[in-house]
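Since the structure of chain Y is already known, use the hints to place chain Z on it.
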Amino acid sequence: MEVRVEGLTKRYGRVSALDAVGITFPSGALTAILGPSGCGKTTLLRSVAGFVPVDAGRILFGKDDVTQLTPQARGTAMVFQNYALWPHMTVFDNVAYGLRLRRVPERDIRARVEKVLDLVEIGQLEGVLGRKPAALSGGQQQRVAVARALVVEPRVLLMDEPLSNLDAKVRQRLRVEVRRLQKAVGITAIYVTHDQEEALAIADTVVLMNAGRVVQVGAPPEIYFRPASAFAAEFLGVSNQLRGTADPGALAIGGQRLPYAGPVRGPAIVVFKASDATLGPTGPPAAAPEGGAVLRGTLEERLFLGAVYRHYVRIEGETVMVDAPEPAEPGPVAVRVPPAKLQVYAAPAG
Amino acid sequence: MSRGVARRSLRAALAVVAFLFIFAPVSSLVIWSFTRRWFWPHPFPQEWGLFYWKQVLQGDLFRALHSGFLIAVVVTVLTLVLTVPLAYLLARYPIPAKPLILMVFLLPHAFPQLPVFVNSTTLLYRVNLGGKFWGVVLIHMVGALVYAVWTMTAVFKSIPESLEEAAWNLGASHLKSFFSVALPLATPGLIASTLLVFLYSLDEFTGTLLVGSPFVLTLPVYMYRTSVGYELQVASIAALILMLPGILLLVLLERFLKAEYLSMFGRL
Numbered sequence: 117m118e119v120r121v122e123g124l125t126k127r128y129g130r131v132s133a134l135d136a137v138g139i140t141f142p143s144g145a146l147t148a149i150l151g152p153s154g155c156g157k158t159t160l161l162r163s164v165a166g167f168v169p170v171d172a173g174r175i176l177f178g179k180d181d182v183t184q185l186t187p188q189a190r191g192t193a194m195v196f197q198n199y200a201l202w203p204h205m206t207v208f209d210n211v212a213y214g215l216r217l218r219r220v221p222e223r224d225i226r227a228r229v230e231k232v233l234d235l236v237e238i239g240q241l242e243g244v245l246g247r248k249p250a251a252l253s254g255g256q257q258q259r260v261a262v263a264r265a266l267v268v269e270p271r272v273l274l275m276d277e278p279l280s281n282l283d284a285k286v287r288q289r290l291r292v293e294v295r296r297l298q299k300a301v302g303i304t305a306i307y308v309t310h311d312q313e314e315a316l317a318i319a320d321t322v323v324l325m326n327a328g329r330v331v332q333v334g335a336p337p338e339i340y341f342r343p344a345s346a347f348a349a350e351f352l353g354v355s356n357q358l359r360g361t362a363d364p365g366a367l368a369i370g371g372q373r374l375p376y377a378g379p380v381r382g383p384a385i386v387v388f389k390a391s392d393a394t395l396g397p398t399g400p401p402a403a404a405p406e407g408g409a410v411l412r413g414t415l416e417e418r419l420f421l422g423a424v425y426r427h428y429v430r431i432e433g434e435t436v437m438v439d440a441p442e443p444a445e446p447g448p449v450a451v452r453v454p455p456a457k458l459q460v461y462a463a464p465a466g
Numbered sequence: 386m387s388r389g390v391a392r393r394s395l396r397a398a399l400a401v402v403a404f405l406f407i408f409a410p411v412s413s414l415v416i417w418s419f420t421r422r423w424f425w426p427h428p429f430p431q432e433w434g435l436f437y438w439k440q441v442l443q444g445d446l447f448r449a450l451h452s453g454f455l456i457a458v459v460v461t462v463l464t465l466v467l468t469v470p471l472a473y474l475l476a477r478y479p480i481p482a483k484p485l486i487l488m489v490f491l492l493p494h495a496f497p498q499l500p501v502f503v504n505s506t507t508l509l510y511r512v513n514l515g516g517k518f519w520g521v522v523l524i525h526m527v528g529a530l531v532y533a534v535w536t537m538t539a540v541f542k543s544i545p546e547s548l549e550e551a552a553w554n555l556g557a558s559h560l561k562s563f564f565s566v567a568l569p570l571a572t573p574g575l576i577a578s579t580l581l582v583f584l585y586s587l588d589e590f591t592g593t594l595l596v597g598s599p600f601v602l603t604l605p606v607y608m609y610r611t612s613v614g615y616e617l618q619v620a621s622i623a624a625l626i627l628m629l630p631g632i633l634l635l636v637l638l639e640r641f642l643k644a645e646y647l648s649m650f651g652r653l
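Chains as they are written, first to last, in our numbering: chain Y, 117 to 466; chain Z, 386 to 653.
Chain Y extracted, bound-state conformation (with noise of 0.2 Å):
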């Protein structure tokens, strides 16, 4: 099932929460949707889900226009952030229901309660059918969310933040689980966070958003490798940015220029990743590599995070960050960038 939406807006007072946004999430894959607090993420999962009216704009289940529908009648299921899992009844009664809704006889939803379950791997944990949500532990909880929402057979899952309130090793298990569940049913899979890693991790398809609207789209290498604008590359990665001035055939940073062929002029954003970048002994210019930029700055701090040495170089007033495998003393440095890794854009007016 192709879910669609279209022109979707909504305004809470002054500020637009959803301003015209087009996205096609396509039928079995799982499309996340990325972007900062207040981007406007969680409001398009729910206008979807069907709890957020719309001003305008259209949501397109397959060919049928859900736009007016209640939540009820859209057959979508959603996994919320804090699970939702309703304290007074055992996990048996939370998972069937949706099927007693349903009408779906006793011993069918027995067995169909058994069978998610095993599905999303809790059914062979000690008397779980009998259990409160508050006798499980929160990547337990989560799987029965899952559950609760898969046993319906929705025609769209929408997974709202699923495992941000999860510590950072079970997360990292999830994200693995909700992929291989996703693909194993093959539903249309709707999942917003606003973690980078997780969304790269997880997703077929990334759609970044930004104050209310989609800055890219695309599959995650291409997100990653290829952002479109300054805040994409900022958003996806620990990057740096260094403002400057672009003209023909250079680049001005402060008092250094770079050797630049780019289109954009004026006024620019240089954006690379911290991994990207090497720290050397400061020379003159003619040692860039093949037309990479090289600049000359000072290093002021290091910190050592596991698997590399964070330095902290500062170059013409700004702060930029250089990930290294062996640690560099603090004094004059050269930071070096590979052509293909330094990012340029026109910087954002005002």
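Since the hints were made in silico from the structure, they are not lab data.
A short, non-exhaustive set of chain Z residues, derived as facing chain Y with CB atoms under 10 Å:
hint	residue
1	P545
2	L548
3	E549
4	E550
5	A551
6	W553
7	L555
8	G556
9	A557
10	S558
11	H559
12	K561
13	V566
14	P569
15	L570
16	T572
Which chain Y residues face chain Z? A few, computed with CB under 7 Å, are given here:
hint	residue
17	F167
18	P187
19	Q188
20	M194
21	F196
22	W202
23	Y213
24	G214
Idealized CB from N, CA, C, for every residue including glycine.
The following block gives chain Z in isolation, referenced to the frame of chain Y:
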């Protein structure tokens, strides 16, 4: 060492004072209830006996107890039937003038009780409810609604909305989600609210006396009449009997009125 002793004796002294404050009046009630004759200046009654207990148990007390309980039950049921839906709406929907609505229920308590009830009495007599069972029920509800509305609104507010959204999302109607999710989760608060209203109605005096006299008799009114008639023994017995449901219900209340509901009052 000496500080420990000082602290312990201070605590003991406080306990004695508290004990006296709470139990001295009650103990005089107990003594009076078993008194046959007691004249000044004797420290204790000259003659003890069960005479008045017998007299009371054969007399009007049961009528007062019976009608008092009946009124309290009716008041409680009606108040909750009105309040539960109202409180749910107040807690869940962006109703305009919400603080105003909540304030309205507080108003009868904001003014001196006597003028409020005197005015209500003349009003109720005009609509032929003075001295009637339903007139007393009505005047009790005016006072009791505020407890029920405020507690129940706080209770419904403390239930995360996503729990109901999850039910709607799976296809449950609003009515179905209310009865299968919101109401069961609100039950402890509902019980607390029931107890508050029931106790209020059972103990209400001013309104009952003014509106209900002379035909509607509840325990507090009965107690008042007997003590005004200097039947201190009878009044003491009535007071002791009236205290029992109160103590029992307060013990229950303490179990059901969760701290988180009370903290919600500030956020209404």
